[in-house]
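Enquirer: What follows is the residue order along each chain.
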Amino acid sequence: MSMKRRVFLKGTLAASTVGVLAGAGLLAPRAVLAAWPKSAFDATSVDGALNGVYGSSGAADSNSITIKAPDIAENGAVVPVTVESSLPGVDSITIMSASNVNPMAASFSLAAGTAAYVSTRIKMAKTSDVVAVVKSGGKLYKAAKNVKVTIGGCGG
Amino acid sequence: MGNTIKARAKIEGGECVVKMLISHPMETGQRKDKKTGKKIPAHFIQEVTCDHNGKVALSAQWGPAISKNPYLSFKFSGAKSGDTLKISWADNNQGESDSLETKIR
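In order, the protein sequence lines correspond to chains A and B.
Start counting the first sequence at -13; every next residue gets the next number (this note's numbering).
Start counting the second sequence at 21; every next residue gets the next number (this note's numbering).
No wet-lab data here; the hints were simulated from the structure.
There could be a bad hint or two in this list.
Within a straight-line C-alpha distance of at most 35 Å, the following computed DSBU-like cross-link-like pairs (lysine-lysine) qualify [as the list claims (entries may be wrong)]: (1) K131/A with K26/B; (2) K24/A with K106/B; (3) K39/B with K26/B; (4) K52/B with K112/A; (5) K75/B with K88/B; (6) K30/B with K128/A; (7) K26/B with K100/B; (8) K128/A with K88/B.
Work the whole structure out from these sequences, hints included.
Expert: As structure tokens, then:
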């Protein structure tokens, strides 16, 4: 049963977006997955990823965004990153690792009462910038922090 | 799947601080199996949602660049001790997901 469902879902994925929505809605109530911005995660550049998430790559540099990450990460597979912003009305935070094959790591949508703060752990292929983009009042702001990686996190 | 989420939500200084750990391989799809030389298929969490009393407080879209056994922490206001926080995730392997309900301390 589960195999058949998988095959069916693959078929629907190849069809139109409407098909995906209908298929997901009928077979598994996970329509939320349809919101996953595939083009952003497939993008090979920071700007491409931004276009995929926000439909624009024009982010202004801001010093109201704080990125907490180690200066030197011994293990690129686990790099703790905390992004915080003092900008008002932040409704989205995106974290990227600039030199990864696909820079996009994660995007967070924040409700009105949720603080402009997320902390997670990401993989970094090599020494590069961790880029944080914050959406506040419909505008994009970004900040970057260089992290030296001694052992890459993508070879295994 | 079950018991993949460990979470703690606590009121600290007027804000609810949520910390969670999820057990998941977060396979990128770029690693090769050393024995067979074949690529290990990508298997990672795509969507994480946190509901406070039935209302979404945070939703996250993840890619394979999130570390294995992901950690996530965030803060939100307007919660009180005893409220319900529901955390759920779904990965790219259609059908795999888990959720957890916890009380805010």
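Enquirer: Hint by hint, note whether the structure agrees.
Expert: Going through the hints against the structure:
1. For the suggested pair K131/A and K26/B, the alpha carbons sit about 30 Å apart, so the restraint of at most 35 Å is met.
2. Of the pairs offered as hints, the one joining K24/A and K106/B holds, with about 25 Å between alpha carbons and a cut-off of 35 Å not exceeded.
3. The suggested pairing of K39/B with K26/B holds, with an alpha-carbon distance near 8 Å, which does not exceed 35 Å.
4. A hinted pair counts as satisfied when its Cα atoms are at most 35 Å apart, and K52/B with K112/A qualifies at roughly 18 Å.
5. Restraint check: the Cα-Cα separation between K75/B and K88/B comes to about 28 Å, which is no more than 35 Å; the hinted pair holds.
6. Restraint check: the Cα-Cα separation between K30/B and K128/A comes to about 30 Å, which is no more than 35 Å; the hinted pair holds.
7. For the given pair, K26/B sits about 20 Å from K100/B by alpha-carbon distance, which is consistent with the 35 Å threshold.
8. Annotation: proposed proximity of K128/A to K88/B holds, straight-line Cα distance about 26 Å (limit 35 Å).
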